[in-house]
Amino acid sequence: MESTPDTLGYMIAGYVVLFGLPLLYIVSWLVRQRNLEKDIEVIQTIAEDNKK
Amino acid sequence: MEKTTRNLQILNIVTIALMIIATALVFFYAPTERVMGQVQRIFYFHVPSAWVSMLAFFVTLVAGIVYLRRGHRGWDMVGSASVEIGLVFTIMTIISGSIWARPAWNTWWTWDPRLTTYTILALIYVAYLMLRQGLEDPDRRARFAAVYGIVGFISVPITFFSIRWWRTIHPVVIGSGSPSAEGGFDMTSPMRLVFFFSLFAFTVLYFCFLANRLRLERLTERVEQLKMKVLSA
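Chains L and D, in that order, are what the protein sequence lines are. Counting in the working numbering, the final residue of the first sequence is number 52, and the numbers go up one at a time with none missing. Counting in the working numbering, the final residue of the second sequence is number 1233, and the numbers go up one at a time with none missing.
No lab work stands behind these hints: they were computed from the structure. Keep in mind that this is a model prediction, so the values were computed, not measured. Treat the hints with care, since some could be wrong.
Said to hold, decoys possible - No farther apart than 25 angstroms at their CA atoms in a straight line, the calculated lysine-lysine pairs in the DSS-like style are these:
id	chain 1	residue 1	chain 2	residue 2
1	D	1227	L	51
2	L	38	L	51
3	D	1229	L	38
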């Protein structure tokens, strides 16, 4: 009877990808959100300056 | 920044809980497959990732149809957000599949019908995002993207049925596939439970991602509106 092969390393690598990519994607949202919030602040400052 | 709505917060918490349970089931409940060993556990997240990618592109198809009929900008946002999410899950599927293939097929990659059609599908939706980037006028962009999302969806059923239509080494999870398939296995009851639970958890994860991504899209639109207001003042 054949013994079960040791494929633990491949499993770990697979799950690093399966968890890592969505986490990176979430980080990209946070970065984009922060940049947009900065943009809003800048635009509001410009709008206030224009009023003066 | 608009406040996260209570419903979205609940969805985020439920999704995290489901993903934790799915992960625990994969590692502590599902039995180790005898022929492939531990690497078979990739299957429990690999197949749901592929399912979510196809679901995401289906949502883009529906959003495109509704946009063309009603012309509401919100549907364009849904279509574009869904493609972005779909591509993330497509890349997850391709890479995790390649890692599984190394011990199962003794190669990282082969131009098998499923792998080839899925790669073409990924490139089609990368082109969707490039098309959007290349169009300045929002209405024109939304219209072109809607049509592209509808036509591009043809690649999804072709990819799905490729392992049933053509001779392939990619295993079929449900139903019968090509006799030359390698790496397939019969699911025991605990394996089936873990698989279907993961499928459910990933479906909820998709809607959670979509809701969060749409929130970001609305913020982007608000910035665009503010810019226009300042420029026209």
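Which constraints among the numbered hints does this structure fail? Numbers only, ascending.
Per hint list: zero violations.
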